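Peer 1: Listed here are the chains, written in short residue letters.
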Amino acid sequence: MTPLPLEGVRVLDFCVVWAGPFATMLLGDLGAEVIKVESPFVMQPMTRGVLAHPPESSIDAPAPAGAFPNNELGPRPWNYTTTFVNVYRNKKSVTMDLWRPEGLDLLARLVAECDVVYENNATETLPKLGITYDWLRSIREDIIMLRVPAYGSSGPYENARALGVHLESVMGHTLLRGYPEADPTETTPIFSGDYIAGSQGAMATMMALWHRRRTGEGQLIELSQAENAAGMLAQGFMDYALNGQGPARHGNDSYYGAVPYGVYPCRSPGTAADGGDHWVSISVLNDDQWRGLVAAMGSPGWATPDLDELAGRRARRDEIDHEIAAWTVQFDDYDLTTRLQEAGVPAAPVLEASRVHDDPQIQARGLFGPLELHDEIGTFTYNRPFLGFSETPLTVRQSPVAMGEHNEYVYKEVIGVDDEEYARLQAAGHISMDFDPSVP
Amino acid sequence: MTSTTPPRVGPLAGVTVLDLTQNIAGPYATKLLAGAGADVIKIEQPGGDPARRLGPFKDGRPHTEASGTFYYFNTSKRSLVLDLRSKVASEIIGRLVDRADLVVESLRPGRLDDLGLGWEFVRQRRSDVSLVSISNFGLTGPYRDYLASDLVLFGFGGEMYSMGSPDREPVRMFGTAALVESGSAAAVASMGALMSGAVHSVGQHVDVSLADCQVGGVDRRHAWIMSHEYSGKKGLRGAGSVGSGSTVYPCADGYVELTGIQLRLDRLQDMLGNPEWLTDPRWSETGAFYDADLVGEFQAHMIAWLIERTKREVWAEAQRARVLCGPLFSVDEIYADDHFRDRGFFETTEHAVLGSVEIPGRPFMMGASPWPAARAAPLLGEHTREVLTESGYGNGQIDELIASGVVESAPGAEVNA
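Read top to bottom, the protein sequences are chains A and B. Position 28 of the first sequence, counting from 1, maps to 34 under this note's numbering, and the rest follow consecutively. Position 309 of the second sequence, counting from 1, maps to 322 under this note's numbering, and the rest follow consecutively.
Honestly, the hints are just simulated from the structure, not real lab data. All values reported here derive from a predicted model rather than from experimental measurement. Ideal placement from N, C-alpha and C gives every residue a C-beta, glycine not left out. Just to be clear, a hint being listed does not mean it is correct.
To be verified - Only part of the chain B face toward chain A is listed, based on derived beta-carbon distances under 8 angstroms:
| no. | residue |
| --- | --- |
| 1 | SER209 |
| 2 | ARG233 |
| 3 | VAL261 |
| 4 | ALA265 |
| 5 | GLY273 |
| 6 | ASN287 |
| 7 | TRP290 |
| 8 | LEU291 |
One chain only, chain B, in its complex shape:
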């Protein structure tokens, strides 16, 4: 078997990350580091990351190697299966810390300490290596041990209350979008920790609370919290966002998003072909778009124009006139879209079980240090033998570890070792 050690390309070429994260938010943070060229060694407990049991599965059939969730959040990583409760765990983890630039974990708060592998362990071993601990509500405070989900965290974070209709319950985003947001903030913390270690030789224990990342992160919650603090006004559910009651409009073949068009009525005039109705001075008056009757009148005019055009036709006119607009696309439309195709956004990865899998690619483009091609998510234990060998274990020792059940190696990797 040819080595799957990452080639030294990408902005983080040469960086080694010991990854003890699981589920979604933590793995998203380390996926971003892996995508940028870091060698991310993911430790999975026997049985694997629980995300391997989450769909969508290929053909809807649950299988350890067929989870779309696991796949997306673990591309370009290597997998080593190790029972962290075993006696040899501290020796193996210790050797990995010795060669790491950063350690990231998302076990429940205190769990890594209980295993004797926490911050004390890391700092004793390497004073310049940081440990990023990602948890639901943080390592301190009365909710430290609280359990959470995407829904629980998003609801707690202040954004969700005002999403939806006043006569119904608050409603959230798709999938696990809030966990992805917080995981993205955890990646910022991870890069900060990496810089601290490399530039200042200071390892740090970084406490990333997914809840704090919601509360403190940008979105309307900032504005609503501040509105109340300043003036006692609240952000109510069903209210418009930033001064417009109108946002998504129907058109001939779907919907278009038109938030903010009232900010530049001159451009809207141009987009609509200079209609008579829009020259009415009422539209330019302060507060016009807070008046429900006026907004209704405005929307009726808009819909009459929109309903005769497809979403792409509307958007083309908007682009010509430099009007804020976006069609509501579905995932299949995005996969087929020329813009993203032309820019090479989608990347094809090759997976031993799933075959070719085309996934959304690099999150940004770097001129001097482009991200290397993404690699498939690892099979469970695919790199156990390889990583242990690199860490100084001989074949006999590795065989013994596998025989004792402390580590597991993917069958495919065994055969080809």
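So that you can see chain A by itself, here it is in the shape it has in the complex:
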């Protein structure tokens, strides 16, 4: 059988929240054996949920924190937490208590069998445990280590803590997204910085593997999440680079001034209060597409020839948006999409997340599939790999992993622990599929 691109590569995963786990998931999708190292004594916040043992009242909280399978907490909520379960596929999990010297010894034995160590904790977290690049290198000289500090391991912001939202703010995103005239305090927090850092961390890992293959050298890679996020504001940075001026917020308008370009209301089964408001995005990028749109609308009288060129459309932009909205609101968003695309106009429904599974394209592409996870919570639909490789299709080789699910494999087969030692480590609490009762 043709091997997956990263078959034979073993990655040790000390990742938290989204940026790191997304990277190691991509490596896992591509065939690497990713082993997530966890501790039964430490609940990493925002990684397997907020609390290991959430109170019953959590079920009443809004989504996503209050969304549990079948609206029940279940015996091990951390194994299927809404916010994180979809970055845990194609990974294995082992537990050890790294806060004890014995745990660190076990880790050293595991490191010796690994190619890559990936972590995105606060900068001081792993060094405090003694896990540094130099230590890893003393065990395995050609090890590749990725660190993903928020801002970098040097410079004035070295120790500043951040989730994706904070570094996106520092890197200029937050001031630039959202409605042009709204106050920044109304901005919705999103985490696009985790997407870009995660994907580029996976890419960096492969670049280091490439370099190691050629030279035999491992290395330490530092991905400052803030610096990494700059690419998403490319046009803004370039405007400053070329003209010394910072960009302005433009909302749904085209950065490049295309008209019409926006989100328009559709016939809706509900309202924003119940997630039932439907919208279609329309982008007219050139004059041909404009003519397509006019034809799709049935050549209304207001679409006079002066609008056939961009300058004319810019001059009457508000009026055009108003007229288009009055037209779109009569129709279903999918019907409109079909009609507009057939007329050569870029358009798509703005999908509320619960509608994603039913989309014909998403179904045809197989982006989601049913799995039965752990603890008899039942069968639900989870994300699947989204990159298409012709000779080695990427699949879910391992369902989103339960904590400690691969203890036996990792201890016995990877680092060669015998049955007796395994039993002892189990009794000592290193090996477990549950959090210690002391963990809240």
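Please build the complex by placing chain B on the supplied structure of chain A, with the hints as guidance.
Peer 2: Here is chain B on its own, set in the frame of chain A:
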């Protein structure tokens, strides 16, 4: 003219990429490969990559060589102008495939096949070279031929619906951020394809759908999709993100982002100087930060403290107390910022038309194989003659190709050839 062939440094030194991408997402993927030291040979059709017609332009004046968009997404590449519809295209592309380690394209689905230069062509020529095809909705499925934009893809991907206010339309990110996200995923696919070819001698046709990269990529959409699947609860527009209704706060000279401060009230206490109000046990109760009245009370206390301090003062206090916080900076503030200056993040490139252009630099730092200095985006056809010469074409042949209009060479490159 001295050769502009990339020096063999960086993690991808020695790698050759044949680049048939245009616009934004595809070029971003190959820009990352070029930045890492790969020799990326960009094929532009006569007239050039359409991105050359996108702003921001130097002094606001449109010009083929003055596009900020083209510049950013094409640094460190070489440009060869070739009419892919011409009879000699398959010979030239074939010779380039012969020396390539990877081919990346973002023409509309099926277009490369129509030109006789698609996956069959590549695999016949080199069984160990992959072709990465980047498209709006992928090479299969009912939307295969759908047109898209940054807005269309971001809206489709499930993230945008819940951005903005419930009484208004959903709203998106700046610029073409979603295309950059998907382009970044395309770079992952490209590296995977490169590994497959080099390590396993298996070339693959890789189908990267920019829409799939949105739907499948990390962000709140994951959580919202799963929330509904598990419990029927939806992610509504205007709701907080991960358990906090409060995020961006005003301060004396701007704004600060404080998502997640409720996770460690002990640290917040420290940051604020142990105020009496925060010792109230109500703040520690489960669900306190889902209660609109309580959140309002909390915010009023916070704002009273924040409004007397600048964003940098607030952030300094937050760093001291290890509280999650980030000031909202503008692009000009970032360019001037000591942190990024100290770390050498910005890089100056020299461009024949635009002069010195200081751009955001390497996306990460590699200890043993540092990225080489970035080179300016290529002039249209700047490397046509050079690349054809390397591919075994003699000067006479190249002159003929140029005379026939099949290939174009930059005037500057001609003069100095």
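Peer 1: In ascending order, which of the hints set out earlier in this document are inconsistent with the structure?
Peer 2: 4, 6, 7 and 8
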